[in-house]
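> With the hints as a guide, bring both chains together as one complex.
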Amino acid sequence: NAGVMQNPRHLVRRRGQEARLRCSPMKGHSHVYWYRQLPEEGLKFMVYLQKENIIDESGMPKERFSAEFPKEGPSILRIQQVVRGDSAAYFCASSPRTSGSMETQYFGPGTRLLVL
Amino acid sequence: GQQLNQSPQSMFIQEGEDVSMNCTSSSIFNTWLWYKQEPGEGPVLLIALYKAGELTSNGRLTAQFGITRKDSFLNISASIPSDVGIYFCGSSGNTGKLIFGQGTTLQVKP
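Top line first, the protein sequences correspond to chains A and B. Heads up, the first sequence is in our numbering, so the first residue is 306 and it goes up one at a time. Heads up, the second sequence is in our numbering, so the first residue is 76 and it goes up one at a time.
Isolated chain B (complex conformation) (with noise of 0.2 Å):
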């Protein structure tokens, strides 16, 4: 079935470095999400893409939208102690369900 590879698995930073992760697929989606998990909390929705090449910034968060819709990266600029969490992509075609990555860990050093 359908999958997403994200990478890295788990990052662990200095604060004020900037970070980088993506995900990829061999199949083709509509959209892509970035979402951050917090420990005991639901997943909460950074950037949402929907064309292909498509770059959004939200704050110090940015994410582009592959030109071959198969791939997304998230790139988060001078990281703070609060970055800390799981960060997600997810990404649907035209079922409306999401298939979600593995997630990246990022722990910030203060």
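Only chain A is shown next, with the shape it has when bound in the complex (with noise of 0.2 Å):
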């Protein structure tokens, strides 16, 4: 029974160049969560995903930055132009629903984007 799924674990980019994250729920998990952390930090709600709907992107810059969740595939979590501040860990998060004891999010390992 597969965990959340993230790829790649590291990801160095040059100023400029663009970062796209992957991410694979849980099997039977339909809600996808995208985190951020910076060093020394906790994590930072980005946005909530269903299956080819954005519920709650109130977490994600205005610009540079787009999410998905299509009907088939990963999750991919897009980053245009970036820029040395975008470098943290990028976390993923999925849950069968978000009512009940079912809203409990299981995360992957995480993606570390490091922009030189």
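FYI, nobody ran anything at the bench for these hints, they're computed from the structure. Every residue gets a Cβ at the ideal spot worked out from N, C-alpha and C, and that includes glycine. Don't take each hint at face value.
Computed list of lysine-lysine pairs in DSS-like fashion (alpha-carbon distance at most 27 Å, straight line) [unchecked claim]: (1) B:Lys145 - B:Lys126; (2) A:Lys376 - A:Lys349; (3) A:Lys376 - A:Lys356; (4) A:Lys349 - A:Lys367; (5) A:Lys349 - B:Lys145; (6) A:Lys349 - B:Lys126.
Simulated coverage check for chain A against chain B, where a stretch passes if three residues somewhere in it have a Cβ under 8 Å from a Cβ of chain B [stated by the list, open to error]: (7) 356-364; (8) 410-416.
Shown next, in the form of structure tokens:
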């Protein structure tokens, strides 16, 4: 029973390039969440998606960041024209539902993005 | 906006000692979750709490959902070296997204 999968685990980009981070939720989970963690800090919510829908993107920067969760395939967090301040660990979590005991979120191992 | 205040920020204890950490908020939440994160890894769920007053154990770990729904604590009994890591509380209302505390860094001296 595989957990949340994320790839790549490490990603190095130069300023101005694009970064694509992938997340495959746990089997049977249709809710995906993306969080960002800066060094020595806690996790900050970015976006919450269900299949083909963005439910809450209140934590996403207004520019350069986008996310999708298509009908088929993994969820993608895309960062265009990366800057050094985008360097962080990006975590994906999934849950079966968002109420009661079914809303518990399980995290992937993260993608560590380094912008040179 | 909503935020969780987690304390202490760090702890350095002797193996075998008990540990207690807590999270408080000015807002009411429906769920309290406790995670542990080790270097280079994602947060791993330790205990999930869904009802005010709920007390739940997982081995040497015990956590409680405060009766006011604004706080939670996590206790670790008889600590061992592998307990080392950063412990985060997380909480959610009805929106799905989790709000996290700043983390408690635990170091255990053998």
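> Which of the numbered hints are not met once you compare them with the structure shown?
Of the numbered hints given earlier, the structure breaks none, since each of them holds.
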